[in-house]
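K.L.:
Keeping the supplied structure of chain A fixed, place chain B upon it in accordance with the hints.
Protein chains: 2
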Amino acid sequence: MSTVNISAPAEQRDVSRDPGSVGIVVPRQHTFREPLELACGRTLSEYTLVYETYGTLNAAKSNAVLICHALSGHHHAAGRHSEEDKRPGWWDNYIGPGKPIDTDRFFVVSLNNLGGCHGSTGPASINPETCRPWGPDFPMLRVRDWVNSQARLADLLGIEQWAAVIGGSLGGMQAMRWSLEYPDRLRHCVVIASAMKLSAQNIAFNETARQAITSDPDFCHGRYLDEDKLPRRGLAVARMIGHITYLSDDGLGKKFGRELRSGTFERGVEEEVEFQVQSYLRYQGDSFSGSFDPNTYILMTRALDYFDLAREYGDDPVAAFSHARCRFMLISFTSDWRFAPERSREIADALMHANVPVSYAEIESSMGHDAFLLPNSRYQRVFDAYMQRIAAECDEGVGQ
Amino acid sequence: MSTVNISAPAEQRDVSRDPGSVGIVVPRQHTFREPLELACGRTLSEYTLVYETYGTLNAAKSNAVLICHALSGHHHAAGRHSEEDKRPGWWDNYIGPGKPIDTDRFFVVSLNNLGGCHGSTGPASINPETCRPWGPDFPMLRVRDWVNSQARLADLLGIEQWAAVIGGSLGGMQAMRWSLEYPDRLRHCVVIASAMKLSAQNIAFNETARQAITSDPDFCHGRYLDEDKLPRRGLAVARMIGHITYLSDDGLGKKFGRELRSGTFERGVEEEVEFQVQSYLRYQGDSFSGSFDPNTYILMTRALDYFDLAREYGDDPVAAFSHARCRFMLISFTSDWRFAPERSREIADALMHANVPVSYAEIESSMGHDAFLLPNSRYQRVFDAYMQRIAAECDEGVGQ
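Going down the list, the protein sequences come from chains A and B.
Here the first sequence is numbered in full-length UniProt numbering, starting from 1 and rising by one per residue.
Here the second sequence is numbered in full-length UniProt numbering, starting from 1 and rising by one per residue.
In isolation and in its complexed conformation, chain A is listed as follows (with noise of 0.2 Å):
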C-alpha cells in the first residue's frame, strides 16, 4: 500500500461565505494491489477507492468516523468541488463545522464504494484482464464486501479503531456489518433508517427496478458501454420507483398536491393535463440516469436485498449482536415506509437482549426515508449530542 498525506491543504479551504461548510474538497483515489477476496468467491487482484475526508485526524488517531454511503451515493458527503459548485455534498446538512458530525473535532472519511460508479472500482471502470469494461462480469458484490474493502482503507489512512461508523439505509447495513466482522475497530455503530434485511415489498421495489433497466433494449444486456449505448430510460423510470418510495404520501402531498404544472380540468378541454408531481418525477428520473451507472444501480439493489444481518448467525439477530462490543445510536423516521421504525424497534430488540448498549429515537418526520439527509430540528439535536459525547470520549483519550 501507498502512504497518503492525510491533511493535505490543498484538500480543504474555507469558504468564507458559509461558515458552516468544509469549504472545497479535493478527492482522492488509492489504487489498492493486494488481492480482495469477495463473498462470492471471486477475487479483485487490484482496485482503486475514491473517497474525501474533512477535519483533521488527531495525534492518538482517535477521533476518525467512517461515513457508509446509501444505494445512490458516493464519496462526496459534504462541502463543495468548487467555488462555482452548486450543490454541496449529499450529506452536508450533517457534516461540517459545529454541525452534529463535527468537522472541527472529528476527522471524517467518506468514500465510494466498491462497484461504485464515481471513481470507485465499479462494473464502468475497465477489467484489467480484457481491457474493455467490466459490464456485466463485475463480481456481485455483498455488504460485507464493502466492509472489508473500506478496512483497508482505514488501514491506509493509518486508522486502527473508527470513533464511529456512520450510515443511513444501506449505509445503516455496513455499519452493523462494521460491528460484527470487525468489534474490535469501531466503538459507536450509528444507525439511521435502516433495518435488519428487507421486507418482500423493498425487495420488489427494486426487483420491478432493475426489470426496468435490464429490459431496455440498450442494456444490451449489461455491455451497453461497449455498445456505446446506455438504457436511460429504463434507469429513469428505475430512479422514479426509488423516488416515490422514498418519499411519503404526506410528503408528496405536501411538496405538489394535486396542483398542476399545465393544462387544465375545464370540460371540453383536450389538453393532457400535467401534475406537478408528474413533471418533477421526470425530472429526477432524466437527470439521474445521465449521471449513474445502470450496471451499479442493479449491483448496489441486489447487495441491499441480499443483506440479511443474521442469516449465519442462525437467523438470531441476539446471537449476531453478541458479537458486537460498540454502543448504538438509532434513529428512525416516523413516516419512512421503506425503512419504517419498526425496523428500527427490531434492531434496538435484538441489542437489548444481546445486552449491547443502545440509544434510539424515533423523529417524527412527513418526509418518508428521504428525511435522513434533511433538514430537522430534533434529528439535528438528538444526533448532534449522541455525536459530542462520543468526541468528547474521543477528547478523554478513550480508543487510544
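Just so you know, these hints were derived from the structure itself, not from any lab.
Honestly, I wouldn't trust all of these hints.
Repeated chains share a single entry, so a pair holds when one copy, or any two copies, can fit it.
Restricting the straight-line Cα-Cα distance to at most 25 Å, the calculated cross-link-like pairs of lysine to any residue (SDA-like) are [stated by the list, open to error]: (1) K197 - S366; (2) K61 - H30; (3) K254 - R302; (4) K197 - S335; (5) K197 - D315; (6) K254 - E34; (7) K254 - P341; (8) K255 - D92.
P.N.:
Okay, now just chain B, sitting in the frame of chain A:
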C-alpha cells in the same frame, strides 16, 4: 338502439359442480350509434360496449345492479366462459347464487368500459375515419364519460333505475359519479376501497407506470399496432409497479417473505439469488403484458388521476354529495395504502354532513388494496347484509 334479449337461455347455464357459480356465461356486444359527447369536447360517433349479465331482471325491472370495473378489469366479473375455462370472472368471490351480489335475487350487469381492450371500443379498435387502429388518437376519457355510456347501456336494457351501482377502486369512483350525474337512476351506491381523488403519491405511481410504457421503444408514440409491435417490457414493468402497490408490505411478506426460488446465500457462491417475490412479479408482468392494451392502460390511469369528485362543486365534497339521492355503503381495508381507510372516512364524513344516509365498514385485512377482490369473512358478511337489505327492498317494490 337495437333491442336485446335479456335472459337468453344460452347465456347462462348451471355448472352443477359449483353451486355458488353463475355457470357458463356468454358476453354480448352492442354498438351504440347515437353520438356520445365526451368531457374532452370530442364526440364518438359510435361505439361498442361488451357486457355480461347474470341473474334475471324482474318484471318491475327493479332488481338490476351495475358493476363498475377498476383499472385492469373488464366485463367478465363472474362465472366461466367455457367448461375448460381455468379462472372465473374477476369478482366471482362476490357475485353468484347465495353470494353478496346474489344472482338469485339481482340482475347483474357488468361491462367493459369505453376505452377498454376486451371488446368495448378503445384505442386498439379501428377508427372508422381512418380504417386504422385509433391508438393515441383515441379521445382521453374521464370517469363521467364512462358513467354516461353506462347510462346508455341501462337504457338499452330497459333499466330506469339501478337497485345499486357498485364498484371497487376506480369502479367506486364511477359509482360515486353516478350518484351526482344521475341521482334518480340509482337507489344505492356501494363504494369499496375508493377515494374522492388520488393523492400525489398515487398519481406518481401511475405516472411512473405510464413512463415505463411510453419510454419503451416499441411503444412507437402509441402507434405500435400500425408498426406490428407491442411495448411488452414497458407494460410488464407498469404492471409490476401496480401489483406491488395493490398489495401490502405485510401481505407480500406473508405470501413470499424472503424465500428463495433458486440460488443460495452461501458464501463463495456467485449465482443469481432470486427471491420468490421476484419471479412472481416477473410472471405477473409478463402475463399481463400479453393480454392488455398499453394505450388502454395509459387511458385508464389518466382517468384515475384526473378524477376529482368535488372539483366542479367548488372543491367542496359536501356540496357535491348534496346532489345525491341514494343511500351509500362504503367499505375500506386496513392495510390498503393506495386507497387507505382515511380516504373512505373522508367520503363518509362528507356524506354525513350532506345528510345522505351512509353505512361504513372498515375491514381488517393484510391484503392491501387487492382485499376488495379476495375472500374475507367479515367483508363477505357486511357486504352480504347490505345487499340483502337492497334485495328485500326490491321484493317490496321500492323504486317501482
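K.L.:
Work down the list of hints and note, for each, if the structure agrees.
P.N.:
Now for the hints, and whether the structure bears them out:
Within a single copy, K197 and S366 get their C-alpha atoms as close as 23 Å, and across copies as close as 20 Å, so both meet the 25 Å cut-off. With identical chains, the CA atoms of K61 and H30 are at most 25 Å apart within one copy only, with a shortest distance of 20 Å there and 82 Å across copies. For the identical chains of this complex, K254 and R302 are inter-copy neighbours only, at 21 Å across copies versus 32 Å inside a copy, given an alpha-carbon limit of 25 Å. Proximity of K197 to S335 under the C-alpha cut-off of 25 Å is found in both arrangements, the shortest distances being 19 Å within a copy and 21 Å between copies.
Proximity of K197 and D315 under a CA criterion of 25 Å is satisfied intra-copy only: 11 Å inside one chain copy versus 43 Å between copies. In this assembly of identical chains, the alpha carbons of K254 and E34 never lie at most 25 Å apart, being 51 Å within a copy and 44 Å across copies at closest. In the homo-oligomer, the alpha carbons of K254 and P341 lie at most 25 Å apart both inside one protomer (21 Å) and across protomers (19 Å), since each shortest distance falls under that limit. In this assembly of identical chains, K255 and D92 lie within 25 Å of each other by CA distance solely inside one copy; the values are 22 Å within and 41 Å between copies.
Hint 6 alone, counting from the list given before, is not met by this structure.
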